[in-house]
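A.B. asks: Chain by chain, the residues:
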Amino acid sequence: MIDKLQNNDRMLMTLFTLMVLAGPILLAPFGAGYPDLLQRFCIFGIFAIGFNILFGLTGYLSFGHAAFLGVGSYSAVWMFKLLTMNVIPALILAVVIAGLFSLLIGFISLRRSGIYFSILTLAFAQMSFSLAYSVLTPITNGETGLQLTLNDPRILDGANTTGSLPSTNFFGLTMNSTAKFDFLGMVLQFNVGFYFCAVMLILAFYLAMRIFRSPFGLMLKAIKTNQNRLNYTGVNTRPYTLAAFVISGMYAGLAGGLMACTDPLAGAERMQWTASGEVVLMTILGGAGTLLGPVLGAGFIKYFENIFSKINDNVLHSWFSFLPDGLEDLIVWVLHFFVGKGWHLTLGLLFMMVVIFLPGGLLQGASHIIDWIRGKKQSSSTQISNPNSMPAE
Amino acid sequence: MSILEVQNVNKSFGGLKALQNVNLSVEEGTIHAIIGPNGAGKSTLLNCFIGKLIPDTGTVNFNGQSLLGMKAHEINQTGVSRVFQTPEIFSDLTVYENVMIPCFAKRDGSFSLNALSRVKQEIDVHEKAEQMMEDVNMADKKDMLASSLSRGDKRRLEMAMCLAQDPQLLLLDEPTAGMARADTNNTIDLLAEIQNKRHITMAVIEHDMHVVFSLAQKISVLAQGTVIVEDLPENIKGHPKVQEAYLGGAH
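As given, the protein sequences belong to chains W and Y, one line each in that order. Using this note's numbering, read the first sequence as starting at 1 and increasing by one per residue. Using this note's numbering, read the second sequence as starting at 1001 and increasing by one per residue.
The shape of chain Y in the complex, shown without the other chains (with noise of 0.2 Å):
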């Protein structure tokens, strides 16, 4: 069953036309992966996922449920997260606290004014958080200042407050850029970890073809503003039309 479903998607900036008539469908329980040349329209495509981008025409729906003109946050209330291409974290505040932070937006919603209890006789968010700070590896740091953590540990951090929301879909944008190979090979540990565990449907947006070809589980390529072949990660590798893409025209 497909749990995010994207139809005929078009997208122009004024005269540059980014999305030509995107289709894509992820299936629940797997590791999608978009991959495409610089300019391909994978970040506006990723865009009008989150409701940053409204697309000019076509629909994108999550469980059968229209995102277009959701806001941010209603967006992730229904069961969508997002990891940035640089980790977006509270650096102001502890390891713990981060962690913290979307296990109460779980609980309490999109906004609650529970001003007069006390965070830390709030149990259920504690037990949560200790065990998402457990999965990710992190417990001996939960007392750091978010900012002094390293690339990595950012990186998974952000995860960890992805995950405490137990969402339904991830969507990844570039998990492993910037990062050295250790780092990425530590990402890709964590990523297939988790879906193991979890079996959370995600979709990734990535240039590095070892972290695709090692994660996904299906992958669409993307060129020009258009989905040119969508197959298994087996068939991708030798396509024709990909290696055009790639290398402007192979003969």
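Same shape as in the complex, but just chain W (with noise of 0.2 Å):
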């Protein structure tokens, strides 16, 4: 069994890290195989997957994630601005930073649980979001948000000469260079940017891998079910639960950071309490606790997004053309509510529908599906192979 087990783990790897790579293949006949937002399903996977290790693992539910992300963020930019504009400094200082941030918040918040512990990390999330906004201003820029801009230093770079702002690079690789394929039909985009957050999305998940197989991962899987017995067992459950928290921090930073070396600006509004409401559904919808649930919610909820966010009324109108006048506005009135500005309502419609009917998330519902499957499957086998077993009445 445990061999098996392994080659589990093998295959899902395997699976894995094919299903990302193909990504722009994968995706392209459903609209979604452009880079900018393929980018964002790999970085809000990490992002969604290092808070899975808190909340999937250990049961304490954070608001504040988004915290990291903006801390992130701002760090990779002031490396742009500073050093060089090569992302690998970028993201070390980025998880870096957002490590010490989120060992400074989680010793004090993890003083408490449940539903304190949450609105600790609320309160947190929305102290650095207000400090960015005003502030810290000095290091921040308000408002407009953290950019480049010509005269920074950026001290390993050299001069700049080309009188543009220079891009975000990988030891040359720009970021923003797409090929470009024409394929039945389809164009497909294969983008530096994106590989580099999938290489990255793809070892977030294999570390992610290690941390649930192992015995560490296990006692916070204990803390999750009974944090008294494992007291009373001779464990700290303190240190385990500071250890995932940071953990988790240093995965938001990572997003955060990524995000930064896609798109060289960090805005307050990446801290705000909507982002991290945000991660929280994306993990909860994949489904808490599992290794793939948090990624799969992550891309769903960014897929539609971006597809009912480019509704608008024109779109609904020429879809609806067919009807009666009347009905063809009623129609168009009522849906109007959902796509564009409002998807936010499909989304908690589609979050409610989750949490209501499948607790275990999408995942779930995927296993669900996959075992009606078989057990048609099954079951019609067995009636055709023991067409006698009936009892005879």
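These are computed hints drawn from the structure, not numbers from a lab. One or more hints might be untrue.
Claimed, not checked - Mimicking PhoX-like on lysine-lysine, the simulated pairs with C-alpha atoms at most 20 Å apart in a straight line are:
# : chain 1 : residue 1 : chain 2 : residue 2
1 : Y       : LYS1154   : W       : LYS224
2 : W       : LYS341    : W       : LYS376
3 : Y       : LYS1142   : W       : LYS221
4 : Y       : LYS1071   : Y       : LYS1106
5 : W       : LYS221    : Y       : LYS1120
6 : W       : LYS221    : Y       : LYS1106
7 : Y       : LYS1241   : Y       : LYS1218
8 : Y       : LYS1154   : W       : LYS221
9 : Y       : LYS1154   : Y       : LYS1142
Said to hold, decoys possible - Computed footprint of chain W on chain Y, listed as stretches where at least three residues anywhere in the stretch have a Cβ under 8 Å from a Cβ of chain W:
#  : region
10 : 1088–1097
11 : 1218–1232
Said to hold, decoys possible - So, partial list: chain W residues that the calculated Cβ filter (under 8 Å) puts toward chain Y:
#  : residue
12 : PHE107
13 : ARG229
14 : ASN231
Idealized CB from N, CA, C, for every residue including glycine.
With the hints as a guide, dock the two chains, each given alone in a separate frame, to form the complex.
C.D. replies: This is the structure we're talking about:
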């Protein structure tokens, strides 16, 4: 059984790697094959994987993880401004600063559990947001957000002679360079930034899998079920929860850093509570405590955000133009609230449905469907093989 | 030699004196029962052993080391394990994982950041856990979720979790409370077996006289916060003070 499990993990990892790397091809038919969205899938995937290490394993629901995302972004942009446009130092600084910041917040917040912990993290995140927005303007550039300028020192890159802003790169490979191919009437776009984020996502996923399968991960799961017993088993739960908090903070920092790598600016709104709420939604929607769930949830939310928010009244009118005028207007008027800027209403409804009907998230739904298909096949095959097994009445 | 030494312990809640000058000593390798009517202070006394309550005055020494002011996990790491009145287990994990956790806690101490080693490859822990499962006759249930076990099996599992740590002292808070007679007898057999095999010192708090008299080698009777008698089981039954405490003044 142990060998089988190990093979399963290897298979999962291989499949995951292939799917992520083939993203531009697989998602092109769904209108999601362009670099900007693909990058966001990876970045929010990393964010949600990290969040899941805290929430999925220990059950501590943090409502302030966007703070670490924002801190990561700011750190990365500062690295671009001061040192070099290479993304590696920027990401290292983003992860380190987010780690230190989460150590501080975690140390204080983890004195409480349950709702009090959630409120404390929320308070810290909102505090960070307000500080970034106002008091810390010299560091964060307040409302405008932190941006690159031509006067930045960039010590390692040398003098800028081109007169235009340099772009982020990975040892010379520019992040926003894209190779385009025509394939079956679709344009496949292979973007350096996406592949960089994809490799990070795969590494992040692998690390999360190792944590899930480690004794450390087992202890975190034990914290979720019965902290009292764990204390009376000689385990000090505080450092475990703090380590999980810092690890997930560093994941968020990495995600924030990658955001800055693909688009070198950082704004305070990245730290707002809605951003923290979004990662909670992603994780629960996909399936908290599962390995694949958070990535799935992140992809799901970002994809539908993208699709639904692009639909406007004109598009709706063109869809329903075959209907009589009055009916068409009525349907468009109703749907108007669910698309475009109102897409959060759709998200809310979807979230409610998942929480009520699939408490284990989308991943549970998927496994239900697989079981159902398998069960159907099995029952039909047994019926065929044993036609005489029916009780003779 | 006494392994747990309790001296002059006093504890009051507001005006209520829950414990008054309690003296108790548990001999190594014996089963020591603490009995008494409701409200006698049994649970309060136990909570003083495990760091949940700190006595107002007095000392609690385990192997010559004071337990007062230590946190629950620190007390456990010195070699004291506790079985709860209602089994405290990790109900969302499998039976086997439940037993592995104390094995890890025993090996790695109260905190260890071994996030990159694999549970599967920890052979020493697996050997220990497998053996514990055999010892409590639960090897066939090891892949079940702990929450789906019967009450008796939960108790058995909790016992296995405590024993996996090779404790020097096992504290049992009414281990048979709310159990059917058959389960109670199973638990008695299990405890007796553990005692024979491993010679672990146990302090049992118990209501059920059947359990007490079939297990204990020594009994302390607690009434209104003080130990009124401490003696061998055969001397306890007919002791006038005990009858007075239980029957409210027998004449």
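A.B. asks: For Y:LYS1154 and Y:LYS1142, compute the direct alpha-carbon distance and say whether it is at most 20 Å.
C.D. replies: Holds, at about 12 Å.
A.B. asks: Next pair to validate is Y:LYS1142 with W:LYS221; report whether the Cα-Cα distance is within 20 Å.
C.D. replies: Distance of about 17 Å is within 20 Å: holds.
A.B. asks: Please count how many residues of the region 1218–1232 of chain Y have a CB within 8 Å of a CB from chain W and say whether that reaches 3.
C.D. replies: violated (count 0)
A.B. asks: Is Y:LYS1241 within 20 Å of Y:LYS1218, Cα to Cα?
C.D. replies: 16 Å, holds
A.B. asks: Given the hinted pair W:LYS341 and W:LYS376, is their alpha-carbon gap at most 20 Å?
C.D. replies: The hint is violated at about 42 Å.
A.B. asks: Are the Cα positions of Y:LYS1154 and W:LYS221 separated by 20 Å at most?
C.D. replies: This hinted pair holds, its Cα atoms lying about 19 Å apart.
A.B. asks: Does the nearest C-beta of chain Y fall within a distance shorter than 8 Å of the C-beta of W:ASN231?
C.D. replies: 4 Å, holds
A.B. asks: Verify the proposed pairing of Y:LYS1154 with W:LYS224, using a straight-line Cα cut of 20 Å.
C.D. replies: 19 Å, holds
A.B. asks: According to a criterion of three or more residues whose C-beta lies within less than 8 Å of a C-beta of chain W, is the region 1088–1097 of chain Y covered?
C.D. replies: holds (count 7)
A.B. asks: Would the pair Y:LYS1071 and Y:LYS1106 pass a check requiring their Cα atoms to be no farther apart than 20 Å?
C.D. replies: Holds: Y:LYS1071 and Y:LYS1106 sit about 16 Å apart, inside 20 Å.
A.B. asks: Hint check: is the beta carbon of W:ARG229 less than 8 Å from a beta carbon of chain Y?
C.D. replies: Constraint on W:ARG229 satisfied, holds at 4 Å.
A.B. asks: If you draw a straight line from the CA of W:LYS221 to the CA of Y:LYS1106, is it 20 Å or shorter?
C.D. replies: 18 Å, holds
Hint violations for this structure: numbers 2, 11 and 12, all remaining hints satisfied.
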